[in-house]
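Just so you know, the sequences run in chain order W and L. Residues 1 to 189 (the working numbering) are what the first sequence spells out, left to right. Residues 1 to 284 (the working numbering) are what the second sequence spells out, left to right.
Source of the hints: derived by calculation from the structure; they are not laboratory data. Don't take each hint at face value.
Claimed, not checked - Using C-beta positions, here's what the derived DEER-type ranges look like:
{"id": "1", "chain 1": "L", "residue 1": "Ala177", "chain 2": "W", "residue 2": "Arg116", "range": "34 to 42 Å"}
{"id": "2", "chain 1": "L", "residue 1": "Glu279", "chain 2": "W", "residue 2": "Arg116", "range": "55 to 63 Å"}
{"id": "3", "chain 1": "L", "residue 1": "Ala177", "chain 2": "W", "residue 2": "Asp159", "range": "31 to 39 Å"}
{"id": "4", "chain 1": "W", "residue 1": "Asp159", "chain 2": "L", "residue 2": "Met1", "range": "53 to 61 Å"}
{"id": "5", "chain 1": "W", "residue 1": "Ala71", "chain 2": "L", "residue 2": "Glu42", "range": "26 to 34 Å"}
{"id": "6", "chain 1": "L", "residue 1": "Val110", "chain 2": "W", "residue 2": "Asp159", "range": "31 to 39 Å"}
The beta-carbon is built from N, C-alpha and C at its ideal position, and this holds for glycine as well.
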Amino acid sequence: MSDPIRITLPGDIAQLRALRVGTPVLLSGPVFTARDATHARIAAQLDRDGVLPYDLAGAVLFYAGPTPPAAGRPAGSVGPTTARRMDAWTPVLLAAGIAATIGKGARSEAVRDACRTHGAVYLAATGGAAALLATHVSSAEPVAYDDLGTEALVRMELDDFPVWVAIDAQGHDLYAEARDEWAAGEGRR
Amino acid sequence: MNVVTAADIARAVAGSIRTAATSLRPDVLGAIRSAGLREPSERAREVLGQLVDNAAIAERDGVPLCQDTGTVWVWVELGQDSGLEGDLQAAIDGAVAYAFREHALRMSVVIDALLDRTNTGDNTPAFVEISQRPGAGATVHVMLKGGGSDNASAMAMLDPSSGVEGVARFVLDTVSAKATGACPPLVVGVGVGGTFDSVGKLAKKALLRPLGIPAVSSALGALEEHLLADINALGIGPAGLGGATTALGVRILTAPCHIAALPVAVNLGCSAMRSVTVEVPPHD
Chain W
1 MSDPIRITLP
11 GDIAQLRALR
21 VGTPVLLSGP
31 VFTARDATHA
41 RIAAQLDRDG
51 VLPYDLAGAV
61 LFYAGPTPPA
71 AGRPAGSVGP
81 TTARRMDAWT
91 PVLLAAGIAA
101 TIGKGARSEA
111 VRDACRTHGA
121 VYLAATGGAA
131 ALLATHVSSA
141 EPVAYDDLGT
151 EALVRMELDD
161 FPVWVAIDAQ
171 GHDLYAEARD
181 EWAAGEGRR
Chain L
1 MNVVTAADIA
11 RAVAGSIRTA
21 ATSLRPDVLG
31 AIRSAGLREP
41 SERAREVLGQ
51 LVDNAAIAER
61 DGVPLCQDTG
71 TVWVWVELGQ
81 DSGLEGDLQA
91 AIDGAVAYAF
101 REHALRMSVV
111 IDALLDRTNT
121 GDNTPAFVEI
131 SQRPGAGATV
141 HVMLKGGGSD
151 NASAMAMLDP
161 SSGVEGVARF
171 VLDTVSAKAT
181 GACPPLVVGV
191 GVGGTFDSVG
201 KLAKKALLRP
211 LGIPAVSSAL
221 GALEEHLLAD
231 INALGIGPAG
241 LGGATTALGV
251 RILTAPCHIA
261 ALPVAVNLGC
271 SAMRSVTVEV
281 PPHD
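All chains, full assembly: derive it from the sequences and hints.
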């Protein structure tokens, strides 16, 4: 496996789109946390106004709801939540300009197709590594929906945040490929 | 008669919540470490390494292992030689609200699943089980259950003719379909028997037995090992990104059931499998 590729948002978005599924990435720059309730609100505003709210066109959504800040860091423990729950909204949000998403776990065929259609990327972070991942968050600023508590839209600045390309811009899916490779004996490297 | 008070149990719950949220169970940490030594996939070794580092950071800084600090499940086994004094649900809810605020854990409970999904704001109510055991005092088990792994659980009322094969197939199918979002490597809790309502609790209780502690019978132990090998042959791997370590262990609990029934439930425990068991002594 290759060394991780360093990607800094938003400048390196074209480079991110060119990466093959399975590539390890150290991600830096701004992302926006959004879980289930956040998605419902963003989608409602998109439906009403015809554009993504809060200047989210071109942005990266991080499926996460952190714990309150602790240990002198800007964010508490923060890791990915299950991406599948966001699948119902994702094709519409990618069509409206979301460039990439970060989460954990396999996604629907509709999301794979939407990644291919819109040149979007799905990145996987390690679920359950939230204390470690919090050390790669350098700032956290609330943007909207404060009433949602941990589900608020928060702009987080990442610093060498470790992820893998799980669905690339051609629609290749790491969750499917990893199992196929394993069955063929090629994953044992 | 001596007594156990709800306040004593609540204190034990509050302490256990902090321990469970910030300290990875030693058996789970040990199993992740040894899996890293056996794991042939480089990506899988990297994920397992992150989980080991994560446990060290959480322990050192006293911060949660996972941002999903879960629902609080409490199983109180009351000693039959002790009386219980006080309102247990209220006392435990008080402990949950205190511990979640005090230790900056995440509030992850809504008022009503269907009618009002407003956050309760203090992670209450706790989900409390009460049973009796021989002796005095109380044994208190506290589990913080994340949404991702609980969502990836399943139950079925099989026909008795399905037998061991049918149960094994159901466990394997559940893991195969749902593991990637449940934060593998998993601890797979399996309940077999009881009734529709009790088999899920059996599966959850199965998660409490530490890895390395054998099953109650050698037949059950052999089934656990057989299932573990089949699960790990799926290649789902740590974080679902491929590898030999989809699960760290399978824990099965069985129970009596109706002549017509073969209930089975699978409750998945994530790589941050969080549970603590403490003994509460009685007062004279």
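Hints and how they fare:
A hinted range of 34 to 42 Å is violated for the C-beta pair L/Ala177 and W/Arg116, which are about 24 Å apart. As the Cβ distance of L/Glu279 to W/Arg116 is approximately 57 Å, the hint placing it in 55 to 63 Å holds. Here the CB-CB span from L/Ala177 to W/Asp159 is close to 36 Å, well matched to the stated 31 to 39 Å. Against the hinted window of 53 to 61 Å, the Cβ-Cβ separation of W/Asp159 and L/Met1 comes to about 60 Å, which satisfies the hint.
Taken as a hint, the range 26 to 34 Å holds for the pair W/Ala71 and L/Glu42, whose Cβ atoms sit roughly 31 Å apart. A hinted range of 31 to 39 Å for the beta carbons of L/Val110 and W/Asp159 is consistent with their spacing of about 33 Å.
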